[in-house]
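Engineer: Listed below, chain by chain, are the residues.
Protein chains: 2
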Amino acid sequence: MTQTDFTHDASATSWVEGAVGHPDFPVQNLPLGVFSVGDSPPRGGIAIGDYILDLPAVAMLMEDPAEDAALTANAPVLNALFAGGRATITALRQAVFGLLTDESNRAKVEPHLHRAADCKLHLPFFIHDYTDFYTGIHHAMNIGSLFRPDNPLLPNYKYVPIGYHGRSSSIRASGVDVKRPTGQTKPAEDGGMPGFGPSTRLDYELEMAIWVGQGNELGEPISIGDAEQHIAGISILNDWSARDLQAWEYQPLGPFLAKNFHSSVSPWVVTMDALVPFRTAQMPRPEGDPAPLPYLLDEGDQAHGAFGITMEVLITTPKMREAGDAPHRLSRGPMTAMYWTAAQLLAHHTVGGCNLQPGDLLGTGTLTSGEEGGEGSLIELTEGGKKNITLPNGETRKFLENGDEVIMTAYAEKDGFARIGLGECRATIKG
Amino acid sequence: MTQTDFTHDASATSWVEGAVGHPDFPVQNLPLGVFSVGDSPPRGGIAIGDYILDLPAVAMLMEDPAEDAALTANAPVLNALFAGGRATITALRQAVFGLLTDESNRAKVEPHLHRAADCKLHLPFFIHDYTDFYTGIHHAMNIGSLFRPDNPLLPNYKYVPIGYHGRSSSIRASGVDVKRPTGQTKPAEDGGMPGFGPSTRLDYELEMAIWVGQGNELGEPISIGDAEQHIAGISILNDWSARDLQAWEYQPLGPFLAKNFHSSVSPWVVTMDALVPFRTAQMPRPEGDPAPLPYLLDEGDQAHGAFGITMEVLITTPKMREAGDAPHRLSRGPMTAMYWTAAQLLAHHTVGGCNLQPGDLLGTGTLTSGEEGGEGSLIELTEGGKKNITLPNGETRKFLENGDEVIMTAYAEKDGFARIGLGECRATIKG
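Sequences listed follow chains F and L, in order.
Be aware that the first sequence starts at 1, since it is given in UniProt numbering, and climbs by one per residue.
Be aware that the second sequence starts at 1, since it is given in UniProt numbering, and climbs by one per residue.
A hint or two may mislead.
[Stated by the list, open to error] Computed list of chain F residues with no C-beta within reach of chain L, every gap over 10 Å:
#	residue
1	Phe6
2	Pro194
3	Leu314
4	Thr316
5	Arg329
6	Thr382
7	Lys387
[What the hints assert, rightly or not] Here are the simulated DSS-like cross-link-like pairs (lysine-lysine), alpha carbons at most 30 Å apart as the crow flies:
#	chain 1	residue 1	chain 2	residue 2
8	F	Lys398	F	Lys387
9	L	Lys158	F	Lys186
10	F	Lys386	F	Lys186
11	L	Lys430	F	Lys179
12	F	Lys120	F	Lys158
13	F	Lys120	F	Lys319
14	F	Lys158	L	Lys158
15	L	Lys179	F	Lys158
16	L	Lys414	L	Lys386
[Said to hold, decoys possible] Here are the computed distance ranges between Cβ atoms for each label pair:
#	chain 1	residue 1	chain 2	residue 2	range
17	F	Asp190	L	Pro56	33 to 39 Å
18	F	Gly195	L	Ala12	49 to 55 Å
19	L	Asp177	F	Thr4	57 to 63 Å
20	L	Thr390	F	Asp190	52 to 58 Å
21	L	Glu63	F	Gly175	45 to 51 Å
Source of the hints: derived by calculation from the structure; they are not laboratory data.
Source: prediction; values computed, not measured.
Beta carbons: idealized from backbone N, C-alpha and C, even for Gly.
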């Protein structure tokens with residue numbers, strides 16, 4: 001958990017084939033997830049190169065507390081494992097690092113490695129509650145300009161980490177198709193009848209998923225200084241949005257059917273330990289912005305609370321896949337485009353007494369970088385559907401068509417450290 | 001499930017002491033809940049008079065499917081029982097009715113009756129997702145006038161059953177104290193700093209809880225005609241609200257910390273079967289209001305979809321309790337004050353593909369009757385905190401003080417039928 005954590009050593013190598021130099025999952029990463037092979041029950045695993053290590057199967061090769069942790073991973077979700085707290089995850093990660101770097105373990109461990117291509121990946125947690133924040137200030141400005149041209153950024157934005165409760169039941173792991181939602185849309189004229197039918201303005205939203213590890217009791221807030229200890233890790237979140245439904249329904253209580261038909265999340269939980277080398281200073285507040293209120297203020301958090309991670313959105317259309325074209329990148333931007341840090345989100349969420357539980361999912365909100373090419377949604381790229389995007393094969397898009405596949409990726413790079421990645425969050429639109 | 005259901009016979013009597021003429025729980029009601037006695041594990045029970053029948057303990061006195069249902073109630077929550085569908089609940093209810101009315105069963109059944117006063121009541125379901133609607137049009141008008149004087153009822157209100165996702169983790173059964181939340185409040189002047197501290201405008205909201213029985217698959221909406229079959233039953237919900245936090249945080253994505261610190265729900269699930277005699281016509285739409293869109297329109301639902309139930313809110317203060325004063329009634333009004341029926345709420349919630357699951361909780365929103373004395377919240381009774389309420393002992397209130405206890409009750413009365421009640425939802429404010 002410090003800069004001297006031996007798992008961050010860029011020169012460390014794993015004996016697992018293809019792990020060295022793997023763009024996402026070298027031995028310096030070791031993200032946790034839930035996998036199954038064939039008809040076997042889903043259970044906890046760790047990604048290493050193009051393989052998945054079966055955690056419960058290698059438990060007896062470790063010592064407590066790592067052994068106990070690996071046995072706790074013998075479950076269809078990782079809630080109990082992460083409820084054990086950060087020290088447990090650290091012990092497990094360091095033990096696995098040892099197994100995968102020391103050649104002498106190879107004979108015992110190798111039988112418990114599965115090719116990722118042969119596995120099915122599941123949601124890593126049972127998600128009781130899902131909260132979506134709105135930390136991307138550039139996104140908030142862009143969306144605000146479309147929905148409220150005269151008043152894009154509301155007066156509370158720079159004080160309150162704005163968030164709302166989302167729908168847990170419709171969250172699915174990467175790879176599950178997304179059915180285009182149906183609903184009401186704004187009447188064409190004042191006093192006319194609303195429209196009704198499949199959404200014609202279906203969009204993605206590029207977000208980071210923050211997973212809660214240890215929770216808190218009802219009525220007992222988590223302080224900003226303690227908040228990091230309650231974070232299990234991060235993944236990529238695509239909070240699909242039906243913009244036409246949203247525009248009609250969202251006042252006064254926020255988005256509902258525009259969001260609750262599906263959310264997709266990448267299956268690997270990249271741990272806070274793996275991310276230590278890539279923590280960086282919070283986005284500087286623009287000149288004249290107020291300082292965070294005391295319950296959101298922490299020197300260490302302001303200095304190191306952000307994630308130095310690059311995110312990307314890519315698309316393939318049915319025609320592109322037929323022609324064998326590579327996915328086309330729609331945007332790329334830094335995860336530091338957050339007005340609030342993850343710790344600030346936890347501190348705010350609980351300050352009134354609300355209890356978080358292990359496996360709760362906090363979305364950051366759409367992360368738009370503020371620079372050309374860093375838009376985190378189509379509604380921003382197409383200026384509210386007024387402008388076409390032209391793909392390399394000449395096809396155009398304003399919003400998503402049936403058959404389109406959206407692929408989100410994220411990775412961290414820094415001199416002196418091995419690059420690590422979050423993997424992919426991908427899904428295809430069905431009519 | 002029809003008017004000839006023998007469990008609705010007003011002349012039926014139970015051998016259980018005090019059950020005949022019980023204001024809430026005569027044998028014609030038989031609501032389900034989860035109880036425990038001393039250190040025994042929580043399990044399913046049925047309220048009869050001032051007693052609770054231990055369902056698993058009497059399972060062997062019934063025949064399938066009732067026996068199987070009673071065994072399924074041998075669990076800390078009733079999700080699995082209600083997931084079995086309405087026919088299962090009907091069979092169980094009718095078998096229990098037989099046990100409790102036929103004197104010949106007394107010797108075998110009586111040992112499995114526990115005095116309610118000796119029992120602890122728990123949340124009846126594991127609540128994965130909680131949705132709160134806004135069906136009380138009088139409440140919407142009143143609140144709208146306070147938050148948006150120029151625009152109280154937004155143009156979507158009469159087309160879209162407005163709702164938003166709430167927080168599941170902080171829902172507690174009746175009787176659990178409510179800790180006053182802390183949070184940010186609106187700056188006193190434009191450009192000033194927000195306030196921060198314990199809420200000074202803490203309020204209750206009188207709502208009905210609609211419990212989901214059988215769910216639906218993601219992407220497969222529930223039609224308005226089928227919706228009633230997916231409802232397990234109803235309870236009373238108090239959706240506590242911090243009005244000062246709400247006013248500052250709620251735009252643009254809806255209420256968050258203003259609501260997520262606690263919600264209280266009464267422990268007894270009054271089944272759809274018990275409610276059959278009290279179903280009534282939907283509130284007539286005011287002249288000139290649009291008809292519901294086709295996916296929300298069903299002749300049977302418009303004719304019988306509402307609940308002929310009266311709800312009440314009472315308060316006691318520490319001084320009143322010290323003096324032995326009776327609770328003071330703050331309001332009374334009909335549950336028919338809903339612009340949308342329960343079936344319309346389910347049809348709307350799922351029309352975009354969102355999946356409901358057994359035990360999901362749908363709140364109706366605050367039910368204000370539209371007549372003097374029928375206000376469902378203090379912010380309405382005190383006109384936004386401008387006016388005092390004077391209690392019988394001379395104390396005054398604008399919002400809730402520490403030590404105040406709020407008690408909500410509800411009951412259904414109709415000529416030719418036994419009165420039934422929902423029991424109580426009560427909780428005390430702690431500082």
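Engineer: Checking against the hints above, which ones are violated?
Structural biologist: 2, 11, 12, 14, 16, 17, 19 and 20
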